[in-house]
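There are 8 protein chains.
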Amino acid sequence: MTQVAVVMGSTSDWPAMQQTTLLLEKLGITYEKHVISAHRMPEQLQTFGQAAQKNGLQVIIAGAGGAAHLPGMIAANTLVPVIGVPMQSHALNGMDSLLSIVQMPAGIPVATVAIGDAGAKNAGILAAQIIALHHEEVREKLVVFRKEQTQKSIVSEAELI
Amino acid sequence: MTQVAVVMGSTSDWPAMQQTTLLLEKLGITYEKHVISAHRMPEQLQTFGQAAQKNGLQVIIAGAGGAAHLPGMIAANTLVPVIGVPMQSHALNGMDSLLSIVQMPAGIPVATVAIGDAGAKNAGILAAQIIALHHEEVREKLVVFRKEQTQKSIVSEAELI
Amino acid sequence: MTQVAVVMGSTSDWPAMQQTTLLLEKLGITYEKHVISAHRMPEQLQTFGQAAQKNGLQVIIAGAGGAAHLPGMIAANTLVPVIGVPMQSHALNGMDSLLSIVQMPAGIPVATVAIGDAGAKNAGILAAQIIALHHEEVREKLVVFRKEQTQKSIVSEAELI
Amino acid sequence: MTQVAVVMGSTSDWPAMQQTTLLLEKLGITYEKHVISAHRMPEQLQTFGQAAQKNGLQVIIAGAGGAAHLPGMIAANTLVPVIGVPMQSHALNGMDSLLSIVQMPAGIPVATVAIGDAGAKNAGILAAQIIALHHEEVREKLVVFRKEQTQKSIVSEAELI
Amino acid sequence: MTQVAVVMGSTSDWPAMQQTTLLLEKLGITYEKHVISAHRMPEQLQTFGQAAQKNGLQVIIAGAGGAAHLPGMIAANTLVPVIGVPMQSHALNGMDSLLSIVQMPAGIPVATVAIGDAGAKNAGILAAQIIALHHEEVREKLVVFRKEQTQKSIVSEAELI
Amino acid sequence: MTQVAVVMGSTSDWPAMQQTTLLLEKLGITYEKHVISAHRMPEQLQTFGQAAQKNGLQVIIAGAGGAAHLPGMIAANTLVPVIGVPMQSHALNGMDSLLSIVQMPAGIPVATVAIGDAGAKNAGILAAQIIALHHEEVREKLVVFRKEQTQKSIVSEAELI
Amino acid sequence: MTQVAVVMGSTSDWPAMQQTTLLLEKLGITYEKHVISAHRMPEQLQTFGQAAQKNGLQVIIAGAGGAAHLPGMIAANTLVPVIGVPMQSHALNGMDSLLSIVQMPAGIPVATVAIGDAGAKNAGILAAQIIALHHEEVREKLVVFRKEQTQKSIVSEAELI
Amino acid sequence: MTQVAVVMGSTSDWPAMQQTTLLLEKLGITYEKHVISAHRMPEQLQTFGQAAQKNGLQVIIAGAGGAAHLPGMIAANTLVPVIGVPMQSHALNGMDSLLSIVQMPAGIPVATVAIGDAGAKNAGILAAQIIALHHEEVREKLVVFRKEQTQKSIVSEAELI
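Protein chains in written order, with this note's numbering: chain A, 1 to 161; chain B, 162 to 322; chain C, 323 to 483; chain D, 484 to 644; chain E, 645 to 805; chain F, 806 to 966; chain G, 967 to 1127; chain H, 1128 to 1288.
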């Protein structure tokens, strides 16, 4: 059983969402990836959401842009934690995506991360942090990952010339 | 068969959406009204959307606030035209509702009107204009309604004292 | 008699509004297209609006940018439903266009769609959905169109590599 | 012949636009006032705009809110300078009014002032400054007005206790 | 060992953050609550963050407003998942809080929820969903909670009169 | 004596402000042009403003970007009408320029036009409309200009292919 | 010689700016306070700015709202560091004040603090931090002030009931 | 002992922050430069902040983007004045950086300058103005710098052709 599902509304979201999968791989987490358009595939969305728990998913990461309904509607159909990644949209730079994802009404939460690539990467890390609560191996990989990125920041100072 | 369904995400949207129903009544249009929370009642939403056409609905008016997914998700489940009314939300004054409703991706349109009461009223009028295309009686009521509101504006000038 | 008029404020709006006409063609809807600048051609705007109904138009689609008055002013002159398409403006990315179109006061509705190309496409689809209420052939084309776009989304998952 | 016309979209704009008329009176300028809703009275708007010059108007001040089309549409119908006053709207605090008025496309200018009361007052003063170019008496009143307001600011320092 | 820590920058955040604790109680989750001002208590913040894991915390919920650094800075000091709740700030209605929390750079994620009360409630539910992944009892409470809130929405339709 | 002064905060504003001078030339208006940085040349600004009237200027057009203080500070130093043109700034696309210019407090008006090139052009036209109130030749040029631009819009329809 | 001048555009800014003076008093700093409207008193502004240094001022704190030109224009007239406090304006909640103050072009800096009361308080503290660089007594008062506010935050946790 | 520390969250901020160091050099101020990521190096941030005063720093300039916590968190750890420079972020053009830096709660001020290069330059100048309060040589360099930039603006008028 895969641990995480990475879902996106369109293949045009893949360049960003691939940042998520690269981090999941780095942190030793198994994942599956899907295109599920909330608006073009509402039935598949519902089927996917309702089956998420019995399919053993521990985290669902959903990226979407504009009037981004995918993360919230998946969340409405499952108790598995959903992380929403707002895509950087064409006209409004992702402000529409962000508000459509984060401003969920009380009752159905979506764990929202930053707009675009930074958020896509953090979605992978956040999923790992959740899984690491009961998965020593992932936790250790996270410890190493954090140390490495701290070290990389420290030594980068030498580049300021 | 009712002509229009007025749907809202929560009873807290009723004070605004009642403006819609008052106008529908004034314009001689039959309607039904429902609370369907996109996030708390996703299955009911789907059932409602999929049955809309065979139930004879000609227009669906959906009001929602915040990360407002209701209009777009109904539209994803039917070919009946959907009018979206952005509620004036608590923190962001309805800017979140507006963007969540209007910024639909290509493929599934939502006919969006103004934030709050003005939009709720206009949703009723827009529904009437659509129905009037093939309904002489509604068209005549609209002609009268327009004339009256023009007249009211004209005579209101006398109040400027 | 054509079913839909596609109107724009300037030829610079044509690349976006052409998305509308392509969809109207695909969905079997007859249309005419016009440049009517609300500010440079106010008399023509009024003449056009006032004649819309007797010319048999069932939907008017109006695209405009910046202080976008075209959709609202056409709507003020006719009972034919007007769909407004906010152009992606130079400085403010279409936020000015969007607010100028969608925030209509109570009394005169404009059915607003998304900023730019997505909205232009959806304007064509929404017009088709309105016409389809009394036009079986268009309705069938819409059913096929929806199925195809759902299918396209489903198979696009294979591109995630 | 009156020198200035003060026009507003609705009587609800009167509390703000009355600030304009009070300043016009103070600066010795004759004015007339009208309710002309761009959307409910498009024909009257056109008639008013087209007759403005031969009626001897030297400045037109137009206040409107939301999708505020009144100032721009009057400007499209006359060569008389038009000052636009964005009303503080209900949901978006006048940001919609401001953008709908100020973001006019090249060709038809509207002289836009601040949102709400400050703008309404300044519209009156700006009209006076334009008229004063060829009206010595108004110019002298403006000189006094400016001196008084400077003096008032200077002495107000004593209130800081 | 408590499962969740609810942290806020100031006691003025308590009316919102109490919504979080009420939901945690309802869902059978143990929690502790703290005031840790990121700016007034930076050392305590660091100590708290660094000890979070060995103190057995499974989720940290942090509410803060304005230039809201608390959630991100806690996240920088621990691998325990951090949920950020943007307070509705005085001047900018929480838009500053939201951006300060959600726009984290790649490397350190914060799971952001909606501005204000809705977000505070959802933070509690999201924490429960994370804990429920390995806690059958909490999962069952969540199932009941969801069913109840769905049921409440369904029956609320009767209030539309 | 020149009729209009075109002032800008920096030579980097020249590409936009040149649009103003081209229109002034087309409309037969004499003008002078200056670089006066409000922040780098505050004394020159004051000297310029205070001398404007006795130098016979009938309109001052001031373009500035970012925290754009030039138009408002010139207006504070003269009774000659000031038109402000918000430059399209680097980071915030001119929203900062617009608000810095248009949101003047009661007492000192600035006639604000659109952000960037459209506004720069309209500043020239608006100046001409003000001058035309007492200058028949300019008025006639404006009539021709308007007719030409209307005609250009009308014939542009043929380009929609 | 007073160490700090607290300047505001209008007495209506006093409730906020009084927060500044209260903190200056608490931190043992001498100050004078003035109303100088940038737009109504441009000459006084210039005189004040040009004399600031020889009057021995070490910091100038300027509060203003809307198109807030006061801080930037004082800064243009002196080398004394200027701290700008954006007032919470009526229509736009201080976003206009903030951008008008902070977005200064290269060459003339204004040290900008938060909108409203929080910023007014911080302006006083920041002035104290600057003075404390060469004033041991103020430095000691700041140390005590910081400790007290930290302590106050720590003990406030007991109020969460 | 260096007078100023220039700190940035990442080497990607260097192109902007180098503008700061160039101005510090021009104004004869010694400086050191560091990469300290608030989120990846929270311990180093704290160590740096707490040692700032005893290391003799008189001003700290901190540049950061997105959820920009660096300036505020350094300020929380020292009494040395901190100048914050908001980087022009990818998605939101620096509006997120600006609000994250400027909207500090009462108690811990950050002297915020403009977004991007203009702000980076002004940070260097502002630091010099603070140091110049007790450093005659720097003051004289500032006087020359100001004169030169005024002169440059004056002569630039000749380029308007």
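Heads up, some of the hints might be wrong.
[Stated by the list, open to error] Below, in silico cross-link-like pairs of lysine to any residue (SDA-like), each with a Cα-Cα straight-line distance of 20 angstroms or less:
hint: 1; chain 1: E; residue 1: 796; chain 2: B; residue 2: 195
hint: 2; chain 1: E; residue 1: 791; chain 2: B; residue 2: 296
hint: 3; chain 1: G; residue 1: 1118; chain 2: E; residue 2: 786
hint: 4; chain 1: A; residue 1: 54; chain 2: E; residue 2: 801
hint: 5; chain 1: F; residue 1: 946; chain 2: F; residue 2: 893
hint: 6; chain 1: F; residue 1: 838; chain 2: H; residue 2: 1160
hint: 7; chain 1: F; residue 1: 957; chain 2: C; residue 2: 334
hint: 8; chain 1: A; residue 1: 33; chain 2: A; residue 2: 2
hint: 9; chain 1: B; residue 1: 308; chain 2: D; residue 2: 527
hint: 10; chain 1: A; residue 1: 54; chain 2: E; residue 2: 787
hint: 11; chain 1: G; residue 1: 1020; chain 2: G; residue 2: 997
hint: 12; chain 1: A; residue 1: 54; chain 2: A; residue 2: 88
hint: 13; chain 1: D; residue 1: 509; chain 2: D; residue 2: 644
hint: 14; chain 1: E; residue 1: 670; chain 2: E; residue 2: 688
hint: 15; chain 1: B; residue 1: 308; chain 2: D; residue 2: 629
hint: 16; chain 1: D; residue 1: 635; chain 2: G; residue 2: 1123
hint: 17; chain 1: E; residue 1: 785; chain 2: A; residue 2: 50
hint: 18; chain 1: F; residue 1: 859; chain 2: F; residue 2: 839
hint: 19; chain 1: B; residue 1: 215; chain 2: C; residue 2: 480
hint: 20; chain 1: D; residue 1: 509; chain 2: D; residue 2: 630
hint: 21; chain 1: D; residue 1: 537; chain 2: F; residue 2: 947
hint: 22; chain 1: A; residue 1: 141; chain 2: A; residue 2: 47
hint: 23; chain 1: E; residue 1: 677; chain 2: G; residue 2: 1112
hint: 24; chain 1: F; residue 1: 946; chain 2: F; residue 2: 859
hint: 25; chain 1: H; residue 1: 1268; chain 2: H; residue 2: 1149
hint: 26; chain 1: E; residue 1: 785; chain 2: E; residue 2: 796
hint: 27; chain 1: F; residue 1: 859; chain 2: D; residue 2: 619
hint: 28; chain 1: E; residue 1: 791; chain 2: A; residue 2: 47
hint: 29; chain 1: F; residue 1: 831; chain 2: F; residue 2: 958
hint: 30; chain 1: C; residue 1: 469; chain 2: C; residue 2: 480
hint: 31; chain 1: C; residue 1: 474; chain 2: B; residue 2: 240
hint: 32; chain 1: B; residue 1: 194; chain 2: E; residue 2: 665
hint: 33; chain 1: E; residue 1: 791; chain 2: A; residue 2: 50
hint: 34; chain 1: H; residue 1: 1181; chain 2: G; residue 2: 1112
hint: 35; chain 1: A; residue 1: 54; chain 2: E; residue 2: 796
hint: 36; chain 1: A; residue 1: 26; chain 2: A; residue 2: 157
hint: 37; chain 1: B; residue 1: 308; chain 2: D; residue 2: 635
hint: 38; chain 1: C; residue 1: 469; chain 2: A; residue 2: 34
hint: 39; chain 1: G; residue 1: 1107; chain 2: H; residue 2: 1177
hint: 40; chain 1: C; residue 1: 348; chain 2: C; residue 2: 455
Honestly, the hints are just simulated from the structure, not real lab data.
Treat the numbers as computed from the prediction; the structure is a model and nothing was measured.
Checked hints:
Restraint check for residue 796/E and residue 195/B: the C-alpha separation of about 13 angstroms stays at or below 20 angstroms, so the hint holds. A distance of roughly 43 angstroms separates the Cα atoms of residue 791/E and residue 296/B; the hinted pair therefore is violated under the 20 angstroms criterion. The hinted pair formed by residue 1118/G and residue 786/E fails the criterion: a straight-line CA distance of about 38 angstroms is larger than 20 angstroms. The hinted pair formed by residue 54/A and residue 801/E fails the criterion: a straight-line CA distance of about 32 angstroms is larger than 20 angstroms.
For the suggested pair residue 946/F and residue 893/F, the alpha carbons sit about 29 angstroms apart, so the restraint of at most 20 angstroms is broken. Under the criterion of a C-alpha separation no larger than 20 angstroms, the hint pairing residue 838/F with residue 1160/H is inconsistent with the structure, at around 43 angstroms. For the suggested pair residue 957/F and residue 334/C, the alpha carbons sit about 13 angstroms apart, so the restraint of at most 20 angstroms is met. Using a Cα cut-off of 20 angstroms, the hinted pair residue 33/A and residue 2/A holds, with the two alpha carbons roughly 10 angstroms apart.
Between residue 308/B and residue 527/D the alpha-carbon distance is near 13 angstroms, which keeps this suggested pair within the 20 angstroms criterion. For the hint pairing residue 54/A with residue 787/E, the CA-to-CA distance comes to about 14 angstroms; that is within 20 angstroms, so the pair holds. A distance of roughly 15 angstroms separates the Cα atoms of residue 1020/G and residue 997/G; the hinted pair therefore holds under the 20 angstroms criterion. As the CA atoms of residue 54/A and residue 88/A are separated by approximately 32 angstroms, the hinted pair breaks the 20 angstroms bound.
The straight-line distance between the Cα atoms of residue 509/D and residue 644/D is roughly 31 angstroms, outside the 20 angstroms bound, and the hint therefore fails. Using a Cα cut-off of 20 angstroms, the hinted pair residue 670/E and residue 688/E is violated, with the two alpha carbons roughly 29 angstroms apart. For a cut-off of 20 angstroms, the pair hint linking residue 308/B to residue 629/D is broken: about 46 angstroms separates their Cα positions. A distance of roughly 48 angstroms separates the Cα atoms of residue 635/D and residue 1123/G; the hinted pair therefore is violated under the 20 angstroms criterion.
Between residue 785/E and residue 50/A the CA atoms are separated by roughly 18 angstroms; this keeps the pair inside 20 angstroms, and the hint holds. Restraint check for residue 859/F and residue 839/F: the C-alpha separation of about 17 angstroms stays at or below 20 angstroms, so the hint holds. Proximity of residue 215/B to residue 480/C is assessed by CA-CA distance (about 35 angstroms); at most 20 angstroms being required, the pair is judged violated. In summary, the hint linking residue 509/D to residue 630/D is supported, as the alpha carbons are separated by about 14 angstroms, within the 20 angstroms threshold.
Proximity of residue 537/D to residue 947/F is assessed by CA-CA distance (about 16 angstroms); at most 20 angstroms being required, the pair is judged to hold. Between the alpha carbons of residue 141/A and residue 47/A the distance comes to roughly 33 angstroms, so the proposed pair goes past 20 angstroms and is violated. A threshold of 20 angstroms between alpha carbons decides the hint, and for residue 677/E with residue 1112/G the separation of about 24 angstroms lies outside it, so the pair is violated. Of the pairs offered as hints, the one joining residue 946/F and residue 859/F is violated, with about 27 angstroms between alpha carbons and a cut-off of 20 angstroms exceeded.
Distance check on the hinted pair: residue 1268/H and residue 1149/H sit about 14 angstroms apart at the alpha-carbon level, within 20 angstroms; holds. Under the criterion of a C-alpha separation no larger than 20 angstroms, the hint pairing residue 785/E with residue 796/E is consistent with the structure, at around 16 angstroms. For a cut-off of 20 angstroms, the pair hint linking residue 859/F to residue 619/D stands: about 14 angstroms separates their Cα positions. For the suggested pair residue 791/E and residue 47/A, the alpha carbons sit about 18 angstroms apart, so the restraint of at most 20 angstroms is met.
A distance of roughly 19 angstroms separates the Cα atoms of residue 831/F and residue 958/F; the hinted pair therefore holds under the 20 angstroms criterion. For the given pair, residue 469/C sits about 18 angstroms from residue 480/C by alpha-carbon distance, which is consistent with the 20 angstroms threshold. Straight-line distance between C-alpha atoms of residue 474/C and residue 240/B comes to about 18 angstroms, which keeps the hinted pair within the 20 angstroms bound. Between residue 194/B and residue 665/E the alpha-carbon distance is near 35 angstroms, which puts this suggested pair outside the 20 angstroms criterion.
Distance restraint check for residue 791/E and residue 50/A: the Cα-Cα separation of roughly 14 angstroms lies within the 20 angstroms cut-off, and the hinted pair is therefore satisfied. At most 20 angstroms may separate the alpha-carbon atoms for a hinted pair to count; residue 1181/H and residue 1112/G meet this at roughly 17 angstroms. Proximity of residue 54/A to residue 796/E is assessed by CA-CA distance (about 26 angstroms); at most 20 angstroms being required, the pair is judged violated. Between the alpha carbons of residue 26/A and residue 157/A the distance comes to roughly 25 angstroms, so the proposed pair goes past 20 angstroms and is violated.
Between the alpha carbons of residue 308/B and residue 635/D the distance comes to roughly 50 angstroms, so the proposed pair goes past 20 angstroms and is violated. For the proposed pair residue 469/C and residue 34/A, the alpha carbon gap of about 19 angstroms is at most 20 angstroms, so the pair holds. Of the supplied pair hints, the one linking residue 1107/G and residue 1177/H holds, its CA atoms being roughly 18 angstroms apart against a limit of 20 angstroms. The hinted pair formed by residue 348/C and residue 455/C meets the criterion: a straight-line CA distance of about 17 angstroms does not exceed 20 angstroms.
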